[in-house]
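S.K.: Just so you know, the sequences run in chain order S and L. Residue numbers for the first sequence follow numbering that gives the first Met the number 0, so the first one is 0 and each next one is one higher. Residue numbers for the second sequence follow numbering that gives the first Met the number 0, so the first one is 0 and each next one is one higher.
These aren't lab readings, by the way, just hints derived from the structure by calculation. Keep in mind that a hint or two might mislead.
Which copy is meant is left open, so a pair is good if it fits within one copy or across any two.
Derived lysine-lysine pairs resembling DSSO-like cross-links, with alpha carbons at most 30 Å apart [what the hints assert, rightly or not]:
1. LYS241 / LYS99
2. LYS265 / LYS99
3. LYS162 / LYS270
4. LYS283 / LYS262
5. LYS200 / LYS162
6. LYS283 / LYS99
7. LYS99 / LYS200
8. LYS195 / LYS162
9. LYS99 / LYS270
10. LYS99 / LYS262
11. LYS94 / LYS262
12. LYS170 / LYS241
13. LYS94 / LYS195
14. LYS4 / LYS241
15. LYS265 / LYS162
16. LYS241 / LYS200
17. LYS99 / LYS162
Number of protein chains: 2
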Amino acid sequence: MDIQKILRGKQEQFETYIADLPRMESGTLRDAMAYSYLAQGKRLRPSLFLLAAETFGADSQDLLPFAAGIEMIHTYSLIHDDLPAMDNDDYRRGKPTCHKIFGDGMAVLAGDGLLTEAFQMMISIRDIVEPARLLGALEMAASHSGIQGMVYGQSLDIEGEGKPLTLEELKTIHYYKTGALLSFSMASGALLAGAKEDEVKAMDFYGRKFGLAFQITDDILDATGSFETLGKPIGSDQKSHKTTYVTLLGIEGARSEARKAMKEAKVSISKISRDLAVFHSLGKYVIERDR
Amino acid sequence: MDIQKILRGKQEQFETYIADLPRMESGTLRDAMAYSYLAQGKRLRPSLFLLAAETFGADSQDLLPFAAGIEMIHTYSLIHDDLPAMDNDDYRRGKPTCHKIFGDGMAVLAGDGLLTEAFQMMISIRDIVEPARLLGALEMAASHSGIQGMVYGQSLDIEGEGKPLTLEELKTIHYYKTGALLSFSMASGALLAGAKEDEVKAMDFYGRKFGLAFQITDDILDATGSFETLGKPIGSDQKSHKTTYVTLLGIEGARSEARKAMKEAKVSISKISRDLAVFHSLGKYVIERDR
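Kindly produce the complete structure, drawing on both the sequences and the hints.
M.R.: Spelled out as structure tokens, the structure:
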């Protein structure tokens, strides 16, 4: 199974759908949102959402608006994270960051707009999904991306800045900051496709572990990759004396930690009686990715 | 009818409910959110929401979580609006602004957290409201507070900064920036209580006009009020050479414009066959308020 090809396929399906988003009158706010939202990205979260939905029998084409919402949440978090008040990053996805082009104030609003529009997009499938099920998925969106999820993780990240962290603290930050949105993507795809509660929970757990492995390889890439493949400056973690899996465990130790996380992820979904070949192959992808 | 007393009653009902919000583990993020969310405020939007819901026959006690969500959206918009990247305000509700106490980065996250938690709170009444109706109210939340509403208005406001505006331009900015959230508060209260589509629309229109009148008196208060009653520095509009209803129309001209808006608001709800005494009295309140 060529997992890279499958992910590229999902990415293309998604890119075609979002080409004219966000839907609003033209102007600076729209330009700022579109600048970041339509920038070349891996589209990993919506792709995983679509793959999870297909795994549980849904026609992923119907669920594209919800996928678009997930990527809006991800994009808003990047825009706010890059602000001078937060990580103060100048490059993202190979281009200057949103605030570098549109100013800090408009970047704050572009993020706010994307987060709110994300809910608008997710709610917009209300005619094709059972309302109570959609409400469950929306509840999951809020809890995983908010103060019990991603935003909480970002606050821990800010507070930990400049301090040496233990492995346990680092894992906690990433469990919320990166893991929550990835697990939401997979669990909500399953839920909207009609999966049972324990299947949704298994996908959620899988997503958390996948997120951990993904974050570890992110740290490895920051230490070993290049600007050309990553679209952002490399070595930035080292420069800012940030604790990462690489500083704590070394390259090889970090890689083995990522492998362990993916093994646990696979075990968690082993009881689901669906064709899970795609999710089994994701482990290979996440360990070996070079961007 | 003593409308001030009625509003105080709703405010107290609301304050009692939100005392232990937001629900999350303690830490800096929670502190920053609670600092702004629990600061003494008029609680106008949740109060109007509760009054609208009661007008159409709902038990407002049941809908308090939704009201809490509305005020979270309002509070997040104030926190982000006060940031140095936006209006750069030092005082709000009689206290230093959120970023002055917790830093710019944490203030960005406190706003993001409140916006996301707002949806969580609104969704949490899903067991007591018909799911399709709740989805309608959530759709209204996203459209009125996002890029077709409040956030759009804030982007116009930023772009208009430092430029002289026409009365038409000023009205457009406030239609979105202030009017959208006020109209959402009243229309969603009606919708969740079971009001018919045309009644919801009438309440929405009422809210837009009420919002206009409210913004006009805000400008009047900025020119004539005091720090003690407003909890923020006065004369700030004049200092920043901002176009306001007062600079365009003078105090008396602005007051007459506010009266005209409230007259139109009243007409819009005249066909609703419910006891609307509260909403008829609101006109007097908004014109004569001193804080």
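S.K.: Which holds for LYS162 with LYS270 at a C-alpha limit of 30 Å: within a copy, between copies, both or neither?
M.R.: neither (41 Å within a copy, 63 Å between copies)
S.K.: Cα distance capped at 30 Å. Does LYS241 pair with LYS99 within a copy, between copies, both, or neither?
M.R.: both (23 Å within a copy, 26 Å between copies)
S.K.: When no copy is specified for LYS94 and LYS262, does a C-alpha distance of 30 Å or less occur within a copy, between copies, both, or neither?
M.R.: Answer is neither: 35 Å inside a copy and 51 Å across each miss the 30 Å cutoff.
S.K.: How do LYS265 and LYS162 come out at 30 Å by Cα distance, when the copy is not named: within, between, both, or neither?
M.R.: The answer is neither: 34 Å in one copy and 59 Å across copies each exceed 30 Å.
S.K.: Evaluate LYS170 and LYS241 at a C-alpha cut-off of 30 Å and name the case that applies: within, between, both or neither.
M.R.: within (14 Å within a copy, 48 Å between copies)
S.K.: With 30 Å as the alpha-carbon cut-off, assign the pair LYS4 and LYS241 to within, between, both or neither.
M.R.: neither (34 Å within a copy, 55 Å between copies)
S.K.: My question is about LYS99 and LYS270: at a cut-off of 30 Å on alpha-carbon distance, are they close within one copy, between copies, both, or neither?
M.R.: This pair counts as neither: shortest intra-copy Cα distance 48 Å, inter-copy 51 Å.
S.K.: Are the CA atoms of LYS99 and LYS262 at most 30 Å apart within a copy, between copies, both, or neither?
M.R.: For LYS99 and LYS262, the Cα distance exceeds 30 Å both inside one copy (40 Å) and across copies (46 Å).
S.K.: When no copy is specified for LYS265 and LYS99, does a C-alpha distance of 30 Å or less occur within a copy, between copies, both, or neither?
M.R.: This pair counts as neither: shortest intra-copy Cα distance 41 Å, inter-copy 46 Å.
S.K.: What label fits LYS94 with LYS195 when the C-alpha limit is 30 Å: within, between, both, or neither?
M.R.: neither (42 Å within a copy, 49 Å between copies)
S.K.: Is it within a copy, between copies, both, or neither that the alpha carbon of LYS195 lies no farther than 30 Å from that of LYS162?
M.R.: neither (42 Å within a copy, 57 Å between copies)
S.K.: For LYS283 and LYS99, with the copy left unspecified, which applies at a CA distance of at most 30 Å: within, between, both, or neither?
M.R.: Neither way: LYS283 and LYS99 sit 36 Å apart in one copy and 47 Å across, limit 30 Å.
Checked against the numbered hints above, the structure violates hints 2, 3, 5, 6, 7, 8, 9, 10, 11, 13, 14, 15 and 16; every other hint is satisfied.
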